[in-house]
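For chain A, the structure is supplied; the task is to place chains B, C and D on it using the hints.
Given next are the chains, with one letter for each unit.
4 protein chains.
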Amino acid sequence: MTASEIIDQMFNNDPFSKWLGIERVEEGPGFCVLKLTVREEMLNGFSIAHGGISYALADSALAFSANAHGRKCVSVETSISHVQQVMLGDVLTTSIEEISLTHKIGIYNITVRNQHDVDVAHFKGSVYRSEKEWGAN
Amino acid sequence: MTASEIIDQMFNNDPFSKWLGIERVEEGPGFCVLKLTVREEMLNGFSIAHGGISYALADSALAFSANAHGRKCVSVETSISHVQQVMLGDVLTTSIEEISLTHKIGIYNITVRNQHDVDVAHFKGSVYRSEKEWGAN
Amino acid sequence: MTASEIIDQMFNNDPFSKWLGIERVEEGPGFCVLKLTVREEMLNGFSIAHGGISYALADSALAFSANAHGRKCVSVETSISHVQQVMLGDVLTTSIEEISLTHKIGIYNITVRNQHDVDVAHFKGSVYRSEKEWGAN
Amino acid sequence: MTASEIIDQMFNNDPFSKWLGIERVEEGPGFCVLKLTVREEMLNGFSIAHGGISYALADSALAFSANAHGRKCVSVETSISHVQQVMLGDVLTTSIEEISLTHKIGIYNITVRNQHDVDVAHFKGSVYRSEKEWGAN
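Residue numbers (this note's numbering), protein chains in the order written: chain A, 107 to 243; chain B, 107 to 243; chain C, 107 to 243; chain D, 107 to 243.
Isolated chain A, as found in the complex (with noise of 0.2 angstroms):
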C-alpha cells in the first residue's frame, strides 16, 4: 500500500476527525500535513481554542506520518507546548520533522501554526513501530 492508501484507511470512517474538520493537504512515507479551521463549539471558557485541538490534530499527523511508512505503529509517548493562543476562525496547519527512524522507534517534531505562520504549539511524539504490515492479511 502506498502512503495515501494507508492514510485513506485510517482517516476514512475516522468520526473524530470528521467532527474536527481535518483535511489532507500533503503526505508521503514519514510525513503529513494537516489542516483544520477553529470553530465555536472548539473554545474554551476563555474562547480561546481548548488545548485538546491542537493536541489532537499533531497527534493525528504523528499517526498519520509513522504509519505511512507501511508498519502499523503505536504511540510511546507524546508532548505538547502551547505558546500562543488560537482564536475563533484561526486555520491551523502542521508541519513535521522526522528526528529519528530506526527499525523499531520513530521520533517526530510537529508544530502547529495559524494562518499568519505564527507558531501556536510544538509537539514531540514518539511511536513503536510493530511488525505488522499495512495491507497484510
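Some hints here could point you the wrong way.
Pairs count within a copy or across copies, as identical chains cannot be separated in the list.
Calculated pairs, BS3-like style, for lysine-lysine (alpha carbon to alpha carbon, straight line, at most 25 angstroms) [to be verified]:
no.: 1; residue 1: 124; residue 2: 178
no.: 2; residue 1: 141; residue 2: 178
no.: 3; residue 1: 210; residue 2: 178
no.: 4; residue 1: 141; residue 2: 124
no.: 5; residue 1: 210; residue 2: 238
no.: 6; residue 1: 178; residue 2: 238
I should point out that these hints are in silico values taken from the structure, not numbers from a laboratory.
What follows is chains B, C and D alone, placed relative to chain A:
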C-alpha cells in the same frame, strides 16, 4: 473566590467541555476530578477513542486544578502516554497529584482511568502561576 | 539470569556510575532503588548540584529496572522536572513506579528524594523492550 | 551585563562543567553552543556514554542560553531522547533553537550532534524567567 466558583467561571460557557460531555466529580484548591463517557464521534479510524480525547480531559483537569488555588495559570508543557485502548462507551475519570507547587510554577501528574479502574493514560503538566487573581478587578 | 545478576552485569565496569558513587539499595524485576551523595565536583556555578546529576541517577534507575525483567531495553524518551535545589552533601535516593508494561514498551515514574524525604526531581521514562534476552548467547 | 559576562559568571567556578570538560564555542542572548569530548569515565557498562552526559551538556546549554538574555531563569521541565549511541572519544556539540520566548517563559529545542554531524540526542527545555536581573544588586 472559592475553588468551585473559579472552576464554575472556567467551565460554564466552555463549548468544548460541553461537547466532550465533561462532568465535574470533585474539586478544591489544586485538584479537580473530571469524568466523560466516550461517544461514537470521539473515535478514530480504528474504532478506539482518539488520543485527543484523553488529552483534552486531562488538560481540562490541569487547568481547573491549577487555577483553583486562586491565581490565573497558563500551561507551560504537557505530556501524555496512552497506555491502554479506550473503547466506545468507556467512562473515563481523572485523578490528580500536585507534585510541586512553588510561588511561580505548579507541576501535576494526572492519571486517566476507565470504568474498570484500569489506567488508560498518564499525563504530566506544568503551569506558570501569574500574579493575576481570580475575582480581582 | 536473576534481576540482580543482570544489574550486576550492567553496573560492574560502569565507570560513570562509579564516578557518581551510586549505591544499589534494593532491586528486582521492574524496580531498582539507587542512592548517591552529592560531592563538590557535582555542583554548578550556583553551588547547587547540576541537573545532570539527578538525571543521571534516575536514568540509571530506569535502565536497571527495565532490564531487570530479563529482556534488553533501550530508552525511547525521558523527561525530568527539578523541583527543589540539591546541595553539597545531600543524599539522593530514587523510588520507582512501573506505570505501564506491555510486551514492547515499559513506562516508569521515578522520584528522586533527598535525606529529608523531600522530592527534588520527578522523572518519567519510556523504554523499548527488545527480543534479546539477558544471558542468551 | 552582556551575554558572555553572564555565562562567564555561571561557567567559572562550575565544578561539574569543568569535570565534563565543557568548552564554549559561541554564545549570545538566547543561544549558547557547547562542546565536550567523551572520556572513559563518562561511559556506562555497555562502553557507550551514559545518558547523563548528553543530558548534562544540553541542560548547561539551556541554562546559559536562557540566562544570557539578562534575567535569572530556572528550568521547569526538560526532556531528552537519545537516538544514537555515543562512543569513547566522540566530540559532542549542541545547537539550540529558541522556539518561544514570552515575558515569563522560554522554550528551547537543543540538538546534540557528534563529530560526524549525526544527531545523538534531541532535548527540549522550558524555563521560568524571574524578575531578577543579572548584575543587579
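Now the hints, each set against the structure:
| no. | hint | verdict |
| --- | --- | --- |
| 1 | 124 <-> 178 | within (22 angstroms within a copy, 33 angstroms between copies) |
| 2 | 141 <-> 178 | within (23 angstroms within a copy, 31 angstroms between copies) |
| 3 | 210 <-> 178 | both (11 angstroms within a copy, 14 angstroms between copies) |
| 4 | 141 <-> 124 | both (12 angstroms within a copy, 23 angstroms between copies) |
| 5 | 210 <-> 238 | both (12 angstroms within a copy, 13 angstroms between copies) |
| 6 | 178 <-> 238 | both (6 angstroms within a copy, 22 angstroms between copies) |
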